[in-house]
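*Asks:* Using the sequences provided together with the hints, build the complete structure.
First to last, the protein sequences are chains A and E. Count the first sequence with numbering that gives the first Met the number 0 and you get residues 0 to 265, in order. Count the second sequence with numbering that gives the first Met the number 0 and you get residues 0 to 299, in order.
Bear in mind the hints are in silico, worked out from the structure with no lab data behind them. Hints are supplied without guarantee of correctness; some may be wrong.
[Claimed, not checked] Straight-line alpha carbon distances no greater than 27 Å define the calculated DSSO-like cross-link-like pairs of lysine-lysine that follow:
| # | chain 1 | residue 1 | chain 2 | residue 2 |
| --- | --- | --- | --- | --- |
| 1 | E | K53 | E | K199 |
| 2 | E | K204 | A | K65 |
| 3 | E | K53 | E | K204 |
| 4 | A | K65 | A | K249 |
| 5 | A | K65 | A | K47 |
| 6 | A | K47 | E | K53 |
| 7 | A | K187 | E | K53 |
| 8 | A | K145 | E | K53 |
| 9 | A | K204 | A | K187 |
| 10 | A | K47 | E | K199 |
| 11 | A | K188 | A | K145 |
| 12 | A | K187 | A | K145 |
[To be verified] What the simulated footprint calls covered on chain A by chain E, stretch by stretch (three residues with Cβ under 8 Å from a Cβ of chain E suffice, anywhere in the stretch; the number is not a length):
| # | region |
| --- | --- |
| 13 | 96–103 |
| 14 | 133–141 |
[Stated by the list, open to error] Here are a few chain A residues that sit away from chain E, every Cβ distance over 12 Å (derived from the structure):
| # | residue |
| --- | --- |
| 15 | R17 |
| 16 | V26 |
| 17 | L147 |
| 18 | E150 |
| 19 | N158 |
| 20 | R203 |
| 21 | A207 |
| 22 | R208 |
| 23 | E215 |
| 24 | H228 |
| 25 | D235 |
| 26 | K249 |
| 27 | A260 |
| 28 | N263 |
Backbone N, C-alpha and C define an ideal beta-carbon position, used for all residues, glycine too.
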Amino acid sequence: MADQTRPEGGTSVVDSGRIPTVVVDDVHVIYRIHKGATGGSSPVSALKRIVSRTNAPNIREVHAVKGVSFTAYEGEAIGLIGSNGSGKSTLLRAVAGLLPPARGAVYTQGQPSLLGVNAALLNDLSGERNVVLGCLAMGMTPEEVKRLAPEIIEFSGINERGDFASLPMRTYSSGMGARLRFAISSAKKHDVLLIDEALATGDRKFRARSEQRVRELRDSAGTVFLVSHSIGSIRDTCERTIWLESGVLKMDGPTDEVCDAYENQK
Amino acid sequence: MANTAVADPESGLTRAQLAQRYGLRVAGERPRLVEYARRLWAYRHFMTAYSRAKVASSFSNTQLGQLWQVLTPLTNAAVYYLIFGVIVSQNKNMSNFIAYLCTGVFVFMFTQTAVSNGTSAITSNLGLIRALQFPRAALPVTVTLVQLQQLLMSMVVLAAIVLLTGEPITPRWLLLVPMLLLQTIFNLGLTMVMARLGSKITDLKQVMPFIMRTWLYASGVLYPVALFRQHLPHWAATLLEANPPLVFIELARYALLDSHQAQLVSPPTQLWLLGVAWAVVMGIGGFVYFWRGEEEYGRG
Chain A
0 MADQTRPEGG
10 TSVVDSGRIP
20 TVVVDDVHVI
30 YRIHKGATGG
40 SSPVSALKRI
50 VSRTNAPNIR
60 EVHAVKGVSF
70 TAYEGEAIGL
80 IGSNGSGKST
90 LLRAVAGLLP
100 PARGAVYTQG
110 QPSLLGVNAA
120 LLNDLSGERN
130 VVLGCLAMGM
140 TPEEVKRLAP
150 EIIEFSGINE
160 RGDFASLPMR
170 TYSSGMGARL
180 RFAISSAKKH
190 DVLLIDEALA
200 TGDRKFRARS
210 EQRVRELRDS
220 AGTVFLVSHS
230 IGSIRDTCER
240 TIWLESGVLK
250 MDGPTDEVCD
260 AYENQK
Chain E
0 MANTAVADPE
10 SGLTRAQLAQ
20 RYGLRVAGER
30 PRLVEYARRL
40 WAYRHFMTAY
50 SRAKVASSFS
60 NTQLGQLWQV
70 LTPLTNAAVY
80 YLIFGVIVSQ
90 NKNMSNFIAY
100 LCTGVFVFMF
110 TQTAVSNGTS
120 AITSNLGLIR
130 ALQFPRAALP
140 VTVTLVQLQQ
150 LLMSMVVLAA
160 IVLLTGEPIT
170 PRWLLLVPML
180 LLQTIFNLGL
190 TMVMARLGSK
200 ITDLKQVMPF
210 IMRTWLYASG
220 VLYPVALFRQ
230 HLPHWAATLL
240 EANPPLVFIE
250 LARYALLDSH
260 QAQLVSPPTQ
270 LWLLGVAWAV
280 VMGIGGFVYF
290 WRGEEEYGRG
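*Replies:* This is the structure in structure tokens:
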């Protein structure tokens, strides 16, 4: 795979012997953010804005991903690295079909599933109910859910310190919440699983378990994307790594090469 | 960019062609309407489980808990009775004003909560939407299912009030079932419209209370519906009498109140036809309108 590395250009050549699961073709993602209350948010200035038909100053367009292309194959685990705000999470959202690209296209096999730490489920409901609802929302049948629910709670380990499964999720620590969400999302076999820093939140024991789970998912012919700032966990789980910087694909190749370059640059 | 031209030098395929060859689909693509409806049906277990969980967790941080399901409609009716039945007395020529008022309030509240909960159906579930891919219409349907469960409770309360005020039980009471069915379909469509609007126009939540209050007064809930004819020009009265909540309220009164038979705003056949028309137009229109926005709900 070393000869497939094209720094700067971002072209990874297709090996025609393997089956692609995700094709990202020159994708640009632009989204609008509300900056919240800033200067000039008085009623008078808001009225002025409406009269003069200009956009509210607290909405800004962000061009987060600028023309990224790559192809991912069955059975691959791909790490996504880059500094904060480089567009990694946005790219995953586009692959999951949650943020439509402004230009270019993302093609996927089946429905990719995104797993992120801040993707909250239903905070007012108990962990058990969240497991049931999460599984149903992933399209499982009620029988499957009944069978899998105890395993999921067991895997998440939220009951290690007493019966937390029956408490509302808002009472969980952020680590527990992330563990439960990871356990739910990884209970189903996905063709494409996108993991956004979820492995970084758990404790050491859970991290080992979840890395094992990622390997299992990959072995069952799925493709796994992993966004993480922990180069260690990328080296452990992924054999291929994509380096994004300011929305541009900077490097795509074997994990060791890309990670070395990333760390040397710092 | 140059690299979109050829992704696979050996076969000379572009990325798009490569994707096509292996049967990959555009991520987050909106399915066709029939396929969408089929997928939504496949999520029925999710919708029922979610609505049950929501009913169970509503009022979970209050002392009286589920009792509020009964107390809220009762209190509402009591307030309106105090103002319109006692202070501003409109009911000199009404034989059973309490039952008349309560039927109106309860039926109108069913549509009112559809609007207010529909407006936040998408925005309050953004976490779920950004985490999992499922037909988004499952969320407004869940809102309606929650209301349906609450409606059953308020209908029991209403039946008790109507009986206590001296109305007889007649076979016409059975007509309440088809009437509520029509209203539920209407509400479902309305919820979907409001869900899409609410996800785009964040200011809508501030405006809705005023619109709903206007709609309340235009629906003949608090005073005799005959007042429209007496005080408004002909066209305005005709317009108001075709207004969906008013149609559903009058149908409910037709079913429950023996004393109201002579004072119906239009003949029952016309009311039924209007009710069916509203349910069909709003139900189908709302679903199509919601489906057309499917790809964008994750943006927030």
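*Asks:* Could you run down the list of hints and mark each one as holding or not?
*Replies:* So, going through the hints one by one against the coordinates:
1. K53(E) <-> K199(E): Between K53(E) and K199(E) the Cα gap is close to 24 Å, so the pair holds against 27 Å.
2. K204(E) <-> K65(A): 35 Å, violated
3. K53(E) <-> K204(E): Given pair K53(E), K204(E) holds - Cα atoms ~21 Å apart, limit 27 Å.
4. K65(A) <-> K249(A): Since the Cα atoms of K65(A) and K249(A) sit roughly 11 Å apart, the hinted pair holds (cutoff 27 Å).
5. K65(A) <-> K47(A): 34 Å, violated
6. K47(A) <-> K53(E): 42 Å, violated
7. K187(A) <-> K53(E): 24 Å, holds
8. K145(A) <-> K53(E): 20 Å, holds
9. K204(A) <-> K187(A): 22 Å, holds
10. K47(A) <-> K199(E): OK: K47(A) and K199(E) at ~22 Å, within 27 Å.
11. K188(A) <-> K145(A): Holds, at about 16 Å.
12. K187(A) <-> K145(A): The given pair, whose Cα atoms are some 13 Å apart, holds under the 27 Å limit.
13. 96–103: holds (count 5)
14. 133–141: holds (count 7)
15. R17: Its Cβ does come within 12 Å of chain E, the nearest being 10 Å, so this is violated.
16. V26: 10 Å, violated
17. L147: 14 Å, holds
18. E150: Holds, because the least Cβ-Cβ distance between E150(A) and chain E comes to about 19 Å, which exceeds 12 Å.
19. N158: 20 Å, holds
20. R203: 25 Å, holds
21. A207: 24 Å, holds
22. R208: Holds: least Cβ distance 21 Å, greater than 12 Å.
23. E215: Its Cβ never comes within 12 Å of chain E, the nearest being 21 Å, so this holds.
24. H228: It holds; H228(A) is separated from chain E by about 20 Å at its closest Cβ, greater than 12 Å.
25. D235: Holds, since 25 Å exceeds 12 Å.
26. K249: 14 Å, holds
27. A260: 20 Å, holds
28. N263: The claim stands: N263(A) keeps its Cβ more than 12 Å from every Cβ of chain E (closest is about 25 Å).
Hint compliance for this structure: hints 2, 5, 6, 15 and 16 are not met, and every other hint is.
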